[in-house]
Amino acid sequence: MKYLRGQFDLCTGCESCLLACSHRVTGGYNPRLARMKVLKARENLINRPIVCTQCENPFCMYSCPVDAISKDKISGVVLIDKDKCTGCGNCIKACPDEMIHLDENGKADKCDLCEGNPLCVQFCIPGALKLVEKQEVTGK
Amino acid sequence: MKKSAAMKTLLYIDLTQRKSVSMEVASRLEEDFVGGKGFGAKILQDLLPANTDPLSPQNMLIFMTGPLTGTLAPAMRGCVVTKSPLTGTFVDSYFGGHFAQEIRYCGFDGIIITGKAKEPSYLWIDENRVEIRSATQIWGLDTFATVEKLREISEDESVKTACIGPAGENMVSFALINCEFNRHAGRGGTGAVMGSKNLKALALRGSNKITVTDTGSFESAVSQAYKELAANEEVQSFTTDGTPGVVDFANIEQLLPTYNYYNGTYKEASGLNAEAQRKHFWVRNTACAGCPIACGKVGSIRRGRHKGVISDVVEYENAGLMGSNLGISDIREVAYLVKKCDALGLDSMSAGGVSGFAIEAFQNGLLTTADTGGLELEFGNAAAIDYLLEIIASRTGIGNLLARGVKEAARELNRGADNYAIHVKGLESPAFGPRSVPGMGLALATADRGGCHQRALPILYEIGGEWKGEMVKRNSLKNKAEIVVFQQNYLASLDTLVKCDFAQYGITAETYCHLMEAALGRVWDPSKLLQLGDRIWNQIRLFNLREGFTRADDRLPRRFTEEPLPEGPYQGERIPKEDLEQLLDDYYAIRGWDSSGRPTEAKLAELGLDKMPVLVKVPGKDN
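So the sequences go chain by chain: A and B.
Mapping of the first sequence onto this note's numbering: position 58 corresponds to residue 58, and the numbering continues sequentially without gaps.
In this note's numbering, each residue's number is its place in the second sequence (first place is 1) plus 1000.
What the hints contain is simulated information worked out from the structure, not anything from laboratory work.
Worth double-checking, as some hints may not be accurate.
What the hints assert, rightly or not - Calculated cross-link-like contacts (lysine to aspartate or glutamate; reagent style EDC-like; alpha-carbon spacing at most 20 angstroms):
| # | chain 1 | residue 1 | chain 2 | residue 2 |
| --- | --- | --- | --- | --- |
| 1 | B | Lys1149 | A | Glu43 |
| 2 | A | Lys71 | A | Asp81 |
| 3 | B | Lys1279 | A | Asp9 |
| 4 | B | Lys1008 | B | Glu1127 |
| 5 | A | Lys130 | A | Asp9 |
| 6 | B | Lys1209 | A | Glu104 |
| 7 | B | Lys1116 | B | Asp1053 |
| 8 | A | Lys82 | A | Asp72 |
| 9 | B | Lys1307 | A | Asp103 |
| 10 | B | Lys1621 | B | Glu1024 |
| 11 | B | Lys1209 | B | Glu1517 |
| 12 | B | Lys1478 | B | Glu1573 |
| 13 | A | Lys93 | B | Glu1155 |
| 14 | B | Lys1528 | B | Asp1553 |
| 15 | A | Lys93 | B | Asp1156 |
| 16 | B | Lys1209 | A | Asp103 |
| 17 | A | Lys84 | A | Asp97 |
| 18 | B | Lys1340 | A | Glu43 |
What the hints assert, rightly or not - Beta-carbon label-pair distances, calculated as ranges:
| # | chain 1 | residue 1 | chain 2 | residue 2 | range |
| --- | --- | --- | --- | --- | --- |
| 19 | B | Glu1390 | A | Lys82 | 52 to 62 angstroms |
| 20 | B | Thr1215 | A | Lys82 | 16 to 26 angstroms |
| 21 | B | Glu1268 | A | Asp9 | 48 to 58 angstroms |
| 22 | B | Ser1270 | A | Glu56 | 50 to 60 angstroms |
| 23 | B | Asp1585 | A | Ala41 | 37 to 47 angstroms |
| 24 | B | Gly1464 | A | Asp9 | 35 to 45 angstroms |
| 25 | A | Asp9 | B | Glu1606 | 48 to 58 angstroms |
| 26 | B | Val1309 | A | Thr86 | 49 to 59 angstroms |
| 27 | A | Lys134 | B | Gln1531 | 51 to 61 angstroms |
| 28 | A | Arg32 | B | Ser1596 | 34 to 44 angstroms |
| 29 | B | Ser1158 | A | Leu131 | 18 to 28 angstroms |
| 30 | B | Thr1215 | A | Ile74 | 45 to 55 angstroms |
As the list claims (entries may be wrong) - Derived, one-sided and incomplete: chain B residues facing chain A with beta-carbon distance under 8 angstroms:
| # | residue |
| --- | --- |
| 31 | Leu1072 |
| 32 | Tyr1105 |
| 33 | Thr1286 |
These figures come from a predicted structure and were not determined experimentally.
Ideal Cβ positions, reconstructed from N, Cα and C, are used throughout, including at glycine.
Pulled out of the complex, with its shape left as it was, chain A reads as follows:
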């Protein structure tokens, strides 16, 4: 199972990831419409990419009253069934990193890892975004 990792030490703050993501999601460019964000601090000394890490224990999934959110057993990706979603917003409140938003149709929307080949990683020239393998921790 793979997940996205964002590294503040390598992120240049260019937000190309957000542009590529916003275009995939909405068909147009605007970093505010992406399924991730980049936080900036200390005069741009710090750029911190915040991404959905496809949680092992997804708060969003548990918060959904209609079971519209599920975790794929093979890929580990946390997915939203838009037909089931009622747009109640529980999942939005549940995610502490604000990785879920309502889409143009009022349905919950989140990162789906671009079906295994994330565009954000492709456009991250400095290598601050990586698709990494989840390590099983012994003794868990």
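Following the hints, complete the assembly by docking chain B onto the known chain A.
Only chain B this time, still in chain A's reference frame:
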């Protein structure tokens, strides 16, 4: 309507009347001028009455973007266009960062601001809603504190801001507009124009999305542009070393300004280069919106009296003008002084030129300790420069004189002070001393906004490049005018987009054309780009002629024409006046201008400027 990356809308704000209007972009404006510099040139020509005082409410302060700004097309920026209080010419000053993109996300191609607010104000633009708000909470703050306060007031860290510092409030002729952290519309005093309007800042937030005409071909053009950037050696060097990589080169080639341009080499240049900066403060690369190059290098100073000060890269221009040009070899002192300029809202390039002028004027008895509050002005004294910056920004004592730039200060001091005033048309010269590279001299003499290295940089041809299959001779005048015209036209065309000066080393003309075609749905080819640039260049020439500029203003400072380089590999080199006149003759002929520097009727007809109608009108007026 066909999908296009252009918003086709400009926001017009009159601060006197407290009103804002969305204006539709005339299709001819889009076709003939594209965006950015092109729009700015035509809008200023159309809206600004001749001989307007740059600091009067009637001047226009124009924030422009290009049609690719805010898309995934790599490294696109914005510019501020206005009539300069420093030069009296058209000025276009470019900025990176993320502010230009946000203008587009608010749904506009540009913002035109005129009039003067009754009280200190700032503009809050949320989506397409405009509010003129009181700036009492931020007036007087430096640029860093202003950004912080605006974020706090709007309760949103993601708002994008442009603001002036105390220097802009006090209308220092070379005040800048800060576009968040080391990204500025730096040159030509755009910040003074903003201050004259009682406008402290703009804060923007927009969720409008930009859609291109042909997604598939746009994506392939973007991917081609990324490949070209990755493969280009110059671009790679900007990623590794940023612009300070140029310090060693310029020092070897004797182009680095030293002691107010006395010489072109500096014994202690290694104290200012990329290696020195890396050693003293760099931690990480930083980039403007959508840029894979990341020429910025941020860090905090590790040792010494400025320990803990966060600084972005000290750009080559500042290493030159605030460093070697003032005899300061400790990069930490230079970083501190440049940051001080940023905070006060002073263009650090002009501030370096002004400081060099002041030191030389002091050494020659034109200024005395009675003028400086007892301070000895001398090269190498960072504390003295620190003091000068303070009194310039606050316009205290001789600071009030120096705040007008070297040209005006020299006029006032008289007694030969203009020998130390290194400027063209009032704009303090950039950090490329041209005495051994006459093509660069011509580029400085003819740049539309005064002494500027960004309109053409023929040095790269002059130090061993080829032009049309022939080796270019450094000290010869041959081909130089042709190279300058070509570069001016080509770069002006890309400044409609608005390109980055460094990305254009990698991205080819063909790829820029593909990006434009796919985004805008109009066929482009490189020859059309050159014609676009030619049209803009002539449009701006018409503006500057209208404002009273003549051939006599296409000049170089006396130091470059009369005083030879004193030593070093290019000892004895200068650009004699007769050589400059020859270059101007060649240049005007290639441009299709008469010998007085005025475009001929035939040239204007060729570019469609002979019967060009007014394309931009003041909303609600019939002019």
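Status of the hints after comparison with the structure:
no., hint, result
1, B:Lys1149 to A:Glu43, "holds, 14 angstroms"
2, A:Lys71 to A:Asp81, "holds, 11 angstroms"
3, B:Lys1279 to A:Asp9, "holds, 18 angstroms"
4, B:Lys1008 to B:Glu1127, "holds, 16 angstroms"
5, A:Lys130 to A:Asp9, "holds, 13 angstroms"
6, B:Lys1209 to A:Glu104, "holds, 12 angstroms"
7, B:Lys1116 to B:Asp1053, "holds, 13 angstroms"
8, A:Lys82 to A:Asp72, "holds, 15 angstroms"
9, B:Lys1307 to A:Asp103, "violated, 47 angstroms"
10, B:Lys1621 to B:Glu1024, "holds, 15 angstroms"
11, B:Lys1209 to B:Glu1517, "holds, 19 angstroms"
12, B:Lys1478 to B:Glu1573, "holds, 17 angstroms"
13, A:Lys93 to B:Glu1155, "holds, 19 angstroms"
14, B:Lys1528 to B:Asp1553, "violated, 30 angstroms"
15, A:Lys93 to B:Asp1156, "holds, 18 angstroms"
16, B:Lys1209 to A:Asp103, "holds, 13 angstroms"
17, A:Lys84 to A:Asp97, "violated, 23 angstroms"
18, B:Lys1340 to A:Glu43, "holds, 14 angstroms"
19, B:Glu1390 to A:Lys82: 52 to 62 angstroms, "holds, 60 angstroms"
20, B:Thr1215 to A:Lys82: 16 to 26 angstroms, "holds, 22 angstroms"
21, B:Glu1268 to A:Asp9: 48 to 58 angstroms, "violated, 32 angstroms"
22, B:Ser1270 to A:Glu56: 50 to 60 angstroms, "holds, 52 angstroms"
23, B:Asp1585 to A:Ala41: 37 to 47 angstroms, "violated, 56 angstroms"
24, B:Gly1464 to A:Asp9: 35 to 45 angstroms, "holds, 39 angstroms"
25, A:Asp9 to B:Glu1606: 48 to 58 angstroms, "holds, 54 angstroms"
26, B:Val1309 to A:Thr86: 49 to 59 angstroms, "holds, 52 angstroms"
27, A:Lys134 to B:Gln1531: 51 to 61 angstroms, "holds, 56 angstroms"
28, A:Arg32 to B:Ser1596: 34 to 44 angstroms, "violated, 52 angstroms"
29, B:Ser1158 to A:Leu131: 18 to 28 angstroms, "holds, 26 angstroms"
30, B:Thr1215 to A:Ile74: 45 to 55 angstroms, "violated, 31 angstroms"
31, Leu1072, "holds, 5 angstroms"
32, Tyr1105, "holds, 5 angstroms"
33, Thr1286, "holds, 5 angstroms"
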